[in-house]
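According to UniProt numbering, the sequence shown is numbered sequentially starting from 1.
Any given hint could turn out to be false.
Unchecked claim - No more than 25 Å apart at the CA atoms, straight line, and that leaves these computed lysine to aspartate or glutamate pairs for DMTMM-like:
#1 Lys103 x Glu49
#2 Lys103 x Asp57
#3 Lys81 x Glu119
#4 Lys81 x Asp57
#5 Lys103 x Asp43
#6 Lys81 x Asp19
#7 Lys103 x Asp19
#8 Lys103 x Asp69
#9 Lys103 x Glu119
#10 Lys103 x Glu72
#11 Lys103 x Asp52
#12 Lys103 x Asp83
#13 Lys81 x Asp52
#14 Lys103 x Asp122
#15 Lys81 x Glu49
#16 Lys81 x Asp69
It is worth saying that the hints were derived from the structure and are not from the lab. Owing to the predicted nature of the structure, the values given are computational and were not obtained by experimental measurement.
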Amino acid sequence: MAQHAPTSPTAGTILVVDDDALVRDMVQTALTRAGYRVILARDGNTAIELLDIAAPDLILTDLFMPHCDGIELLRSGQLSKVDVPVIAMSGGYAGIDMLHAAKALGAVAAIAKPFMPNELTDLVRRTLTTPEEPARPTAPAEQPSRMAVANTSSR
Numbered sequence: 001m002a003q004h005a006p007t008s009p010t011a012g013t014i015l016v017v018d019d020d021a022l023v024r025d026m027v028q029t030a031l032t033r034a035g036y037r038v039i040l041a042r043d044g045n046t047a048i049e050l051l052d053i054a055a056p057d058l059i060l061t062d063l064f065m066p067h068c069d070g071i072e073l074l075r076s077g078q079l080s081k082v083d084v085p086v087i088a089m090s091g092g093y094a095g096i097d098m099l100h101a102a103k104a105l106g107a108v109a110a111i112a113k114p115f116m117p118n119e120l121t122d123l124v125r126r127t128l129t130t131p132e133e134p135a136r137p138t139a140p141a142e143q144p145s146r147m148a149v150a151n152t153s154s155r
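With the sequences and hints as input, model every part of the structure.
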């Protein structure tokens, strides 16, 4: 598997919102290697608290989380105050419908779990370099060997 060379250390700040610590860690590793500064939040409430402090360039949020999920985060009105692009991520069959709903609520792109780290970093890069042209959603992986990042929390 080819690794992407890191971009500049100022490639941007990404706020990653996911209740699954393993997913947060894997996403943080992939984005950090690609040259991004990563800030982590375990749910939408924590993300809202961090918005003023962190000043992210992009928000990457899971849709299914306790307390305040990604859909509630998109609906909260807090994101309109910071004018930051949002990429929604979710897993499972029901997640595909939720990804479409997230885009209808303002997410500029969506990615289905599981995904490969390079798929995520490519989507983030495209979103940050061409925010006026939202990236296309990524289809779920078809082969078990592609399951690099998956939601491991039990619901």
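Each hint, compared with the structure:
{"no.": "1", "hint": "Lys103 x Glu49", "result": "23 Å, holds"}
{"no.": "2", "hint": "Lys103 x Asp57", "result": "18 Å, holds"}
{"no.": "3", "hint": "Lys81 x Glu119", "result": "29 Å, violated"}
{"no.": "4", "hint": "Lys81 x Asp57", "result": "13 Å, holds"}
{"no.": "5", "hint": "Lys103 x Asp43", "result": "19 Å, holds"}
{"no.": "6", "hint": "Lys81 x Asp19", "result": "24 Å, holds"}
{"no.": "7", "hint": "Lys103 x Asp19", "result": "20 Å, holds"}
{"no.": "8", "hint": "Lys103 x Asp69", "result": "15 Å, holds"}
{"no.": "9", "hint": "Lys103 x Glu119", "result": "18 Å, holds"}
{"no.": "10", "hint": "Lys103 x Glu72", "result": "13 Å, holds"}
{"no.": "11", "hint": "Lys103 x Asp52", "result": "23 Å, holds"}
{"no.": "12", "hint": "Lys103 x Asp83", "result": "15 Å, holds"}
{"no.": "13", "hint": "Lys81 x Asp52", "result": "9 Å, holds"}
{"no.": "14", "hint": "Lys103 x Asp122", "result": "18 Å, holds"}
{"no.": "15", "hint": "Lys81 x Glu49", "result": "13 Å, holds"}
{"no.": "16", "hint": "Lys81 x Asp69", "result": "18 Å, holds"}
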